[in-house]
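From first to last, the protein sequence lines stand for chains A and B.
Per the numbering used here, residue 1 is the first one in the first sequence, and the count goes up by one each step.
Per the numbering used here, residue 290 is the first one in the second sequence, and the count goes up by one each step.
Simulated from the structure, these hints should not be mistaken for lab results.
All residues carry an ideal CB built from backbone N, CA and C; glycine is no exception.
Treat the hints with care, as some may be off.
To be verified - Computed beta-carbon distance windows for the label pairs:
id, chain 1, residue 1, chain 2, residue 2, range
1, B, Glu573, A, Ala62, 39 to 49 Å
2, A, Ala177, B, Pro462, 50 to 60 Å
3, B, Gln377, A, Leu272, 46 to 56 Å
4, B, Pro420, A, Leu52, 35 to 45 Å
5, A, Trp123, B, Ala572, 27 to 37 Å
6, A, Ile107, B, Asp552, 23 to 33 Å
7, B, Pro462, A, Val266, 54 to 64 Å
8, A, Leu89, B, Pro420, 52 to 62 Å
9, A, Leu272, B, Ala376, 43 to 53 Å
10, B, Arg401, A, Ile100, 30 to 40 Å
11, B, Pro462, A, Arg283, 15 to 25 Å
The residues making up each chain are set out below.
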Amino acid sequence: MQLAVNIVVLASIYALICCGYVLIYRVSRVLSLAHGELMMLGAYGLYATASLFGGHPVLAVAAAGTLAFCVGIVVYAALMWRMTGESVLAAVLATIALGILLRGAMILVFGTQTQYPLRDLGWSNASLAVGSARISAVGLALVLATALTYGALFAFLRGTRWGIRMRAAGQNPLLAAQRGIGLHGVYALAWGLATFTGGMAGMLIACDAGLEGTLVVIGLKAFPAALVGGLDSLAGALVGSLVVSAAEVLLIHYVDPLLSDVVPFVVLLAMLAVRPWGLFGTREELDRV
Amino acid sequence: MRKTLWSIVLALLPIVAAAQDAYVIGVSGAMTGPVAPNYAPVVEAMKAYLEHLNGRGGVNGKPVRVVVLDDQAQPSRAATNAKQLLAQDKVVMLLNASLSSTYAPMIAEAKRAGVPLYFAGAVCPKETYPPADPLQFCSTAFGANLDSQAALGFVKAHAREPVKIGFQAMAIPIARAEIDYAEGLAKTLGMTPVEKQISPPPAPDYTPFATKLKEAEPNWVWSWSPWVSQVRTFEALRRLGWNGRYITWAHLNAEDELARIRDGEFYVIGTNAFMEDNLPVHAEMRAIAARTKLDYPVSYLTEGFVAGFVVEAALRNTAWPPTPQKVLAAMNNLKVDLKGLRGGPLEWTKDNHFRTRQYYRVWRWDPASNRVVRAQDWQAIDVKR
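Go ahead and model the full structure; you've got the sequences and the hints to work with.
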């Protein structure tokens, strides 16, 4: 039972992070390699708002979420819109540069000490019983946040005008533009949502384990899960995260904990050999890349 | 063109003159990057102490100039830094405050130039233990094998029942080697090693590692790793309902962390005094930290002040004008009064560049008095190997 809970929590972490990779790639075909840094920026946003709105934790969380969304829009408006129409490689390189810039800026502004946003919010990470297993309060929040995020995104993409525009822009940007869809608005929204979900993952991980520079690396560790599921599929990101985390947790438990670092990439290599476009990815889209 | 060249030369003259009129030491440290929290406070505190010393007349009437270069824990940057410090700044002593992967290029450069290399805040290389490499020195608190001897000695002395011990380490070579050593040592002390968990740096969730550890039902766990790995595993164990006792290494942030975690059965073992001791030197540290507006809490600065005292003592024994050879001679026969920041003086001899005696204390959080308390006072181990 405990193993199942561990798998679900780890899968939720990966899935929430993957969401951002998939949203941006699905809509604009850009692979954001600054996602780890944006995730960490979201966590630092919570740290800042927790200090700013001392005694009002809900307000602090809401402000941090809004801030993360706005950061995504600003990133698109200030940098990524210039990449529209340029080669995909140029856009990817721009995200790498953005990541380096953000990392340096965060050290300058927030320093290198470990921070504990959960403590600053005045909350504690209690241990809860789930049958015979146990889960931390933040772990449970991660699972719920992931379920809510994916549910909301599925509903948004299928049932709202902006969601349908996003899907159209992802499928055929030229045709979508000719039909009057403002591509810049759609791309900006995708960056905003991706940074919001990534930021939320960063906030929850920071609440569980503290906020420090290694959060960026965790952002990259989720990347194989997105590739396994298929980089342009949200459902794929969910399943990919579950596959990778199950392999990781089971190998830690039954074989050797040292394998946990390698296993996501072993699964990824196996997937690339058998089905390079991932479990739920679109074949022809990946061929173009 | 000639005019421009002359103006550059004239502009540089005061800098060269100033450099020649000071003891110049060079530091390559991980000042930024993911591991910076372990090293940057050491460098900042040492620099602050030496600047404070300069304000009081310097060493032997000369100021100490500290050149700090950031290597971000990358070997290639450390090599470039060492070259720059030796060739351009003409330092008489090189310092390393970074990951062990930066050691090889710095050692190579130090050897080529015949300049002593002092590890401050960085893991002591085995070459500093007796019989020591002629050029390498170390004052960093933790010491491989000695720490496990001290920690398991504490466990044995304080165990209420037969010890079933678990081990935890991060997947980096030095931590794994130490935990392997501890596992063997535990058997010789009559303990039963039940599980060993090695987690990667960093893990998004430590619960899967803690689950395996908990299932082995240890009543003690010894962890020797970077702080994040030590404490996240402990916290995950507690959330899984484990109620045994956990002993781990007291890194720079240990005192603050004990107060954050507030668990009476979470012990930290280390060689540096805590601010809780409230020694006269702590008042001096607080004053210097406040004056120089250091970014870190004062409790993080002990290791850096130890390094500052060591540099001061070495340079005080170096007659003017300083050369690397004179500094080396001074370092080979050094006894530094650490003013209570450790259990005794730090002593280097020609064969021992680590220290002749290592002193350990153990602390824990006392829920009854709601403060950090000593679980064991200074215990000395002679360094002979």
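Verification of the supplied hints:
1. B:Glu573 with A:Ala62: 39 to 49 Å: holds (45 Å)
2. A:Ala177 with B:Pro462: 50 to 60 Å: Given range 50 to 60 Å: holds, Cβ gap about 55 Å.
3. B:Gln377 with A:Leu272: 46 to 56 Å: At 48 Å between Cβs, range holds.
4. B:Pro420 with A:Leu52: 35 to 45 Å: violated (57 Å)
5. A:Trp123 with B:Ala572: 27 to 37 Å: Cβ of tryptophan 123 of chain A to Cβ of alanine 572 of chain B: about 36 Å, so the range 27 to 37 Å holds.
6. A:Ile107 with B:Asp552: 23 to 33 Å: Hint holds: Cβ distance 31 Å, inside 23 to 33 Å.
7. B:Pro462 with A:Val266: 54 to 64 Å: Hint violated: Cβ distance 22 Å, outside 54 to 64 Å.
8. A:Leu89 with B:Pro420: 52 to 62 Å: holds (55 Å)
9. A:Leu272 with B:Ala376: 43 to 53 Å: holds (47 Å)
10. B:Arg401 with A:Ile100: 30 to 40 Å: holds (32 Å)
11. B:Pro462 with A:Arg283: 15 to 25 Å: violated (43 Å)
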